[in-house]
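Novice: In terms of the working numbering, the sequence shown is residues 1 to 159.
Just so you know, these hints were derived from the structure itself, not from any lab. These numbers were taken from a predicted model, which means no experiment stands behind them. Accuracy of the hints is not assured; some may be wrong.
[Claimed, not checked] Mimicking SDA-like on lysine to any residue, the simulated pairs with C-alpha atoms at most 25 Å apart in a straight line are:
1) K142 / E102
2) K122 / S90
3) K4 / V27
4) K142 / H120
5) K122 / V27
6) K4 / K142
7) K122 / K4
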Amino acid sequence: MEVKSRHHLRGDEIDDIVETIRATFGVEIDGDSFEDVTFDDSDQRVVLVDGDPYVVFFDGEPSLTVNGAQEFAPESRVVTVDAGAISFVSDGADVMRPGIVEADADIEADDLVAIAEESHGKVLAIGRAQVGGSEMVGDSGKVVESLHHVGDDLFEFAV
Numbered sequence: 001m002e003v004k005s006r007h008h009l010r011g012d013e014i015d016d017i018v019e020t021i022r023a024t025f026g027v028e029i030d031g032d033s034f035e036d037v038t039f040d041d042s043d044q045r046v047v048l049v050d051g052d053p054y055v056v057f058f059d060g061e062p063s064l065t066v067n068g069a070q071e072f073a074p075e076s077r078v079v080t081v082d083a084g085a086i087s088f089v090s091d092g093a094d095v096m097r098p099g100i101v102e103a104d105a106d107i108e109a110d111d112l113v114a115i116a117e118e119s120h121g122k123v124l125a126i127g128r129a130q131v132g133g134s135e136m137v138g139d140s141g142k143v144v145e146s147l148h149h150v151g152d153d154l155f156e157f158a159v
């Protein structure tokens with residue numbers, strides 16, 4: 001990922017991002033420096049918090065990155081998968097019902113969600129819910145579209 005542009009964000013832009021992340025994932029992003037980064041070879045927009053890629057935009061909506069979710073553990077909109085799903089989710093696969101052991105009931109279809117493994121709660125991916133949280137546990141069907149995962153270009157990105 002080649003950086004196209006990089007600039008510091010204004011205070012009101014930072015406030016909007018921090019508030020949206022708080023409302024979405026229930027965590028407070030804390031940092032002294034917020035820089036907006038765009039890329040030559042991708043349409044992704046990333047925000048570096050104190051130099052680390054902790055925020056990414058999906059369809060104009062700010063979200064924690066996997067790195068951000070590992071630093072600031074989400075308290076809401078979390079989908080928890082079992083050990084059998086870890087390798088699939090870590091490779092970027094969409095999340096299927098049989099792999100889910102728990103999902104926040106407040107999740108609605110089209111919400112951004114953090115996908116965590118059940119043993120240690122480590123976030124493996126960020127995705128978009130296809131159904132509400134109360135409908136996620138079950139026997140068959142895709143319920144979360146994977147947008148960003150451990151090991152992808154964004155996860156490996158460093159300035």
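Novice: When you check the alpha-carbon spacing of K122 and V27, does it fall within 25 Å?
Specialist: holds (15 Å)
Novice: Given the hinted pair K142 and E102, is their alpha-carbon gap at most 25 Å?
Specialist: holds (15 Å)
Novice: Is the hinted pair K4 and V27 satisfied, with a Cα-Cα distance of at most 25 Å?
Specialist: Between K4 and V27 the Cα gap is close to 29 Å, so the pair fails against 25 Å, i.e. violated.
Novice: Would you mind confirming whether the straight-line C-alpha gap from K122 to K4 stays at or under 25 Å?
Specialist: violated (31 Å)
Novice: Holds or violated: K142 with H120, Cα cutoff 25 Å?
Specialist: holds (24 Å)
Novice: Run the distance test for K4 versus K142: straight-line Cα separation, threshold 25 Å.
Specialist: Violated, because 35 Å separates the two Cα atoms, which is more than 25 Å.
Novice: Given the hinted pair K122 and S90, is their alpha-carbon gap at most 25 Å?
Specialist: This hinted pair holds, its Cα atoms lying about 11 Å apart.
Comparing the model with each earlier hint shows violations of hints 3, 6, 7; every other hint is respected.
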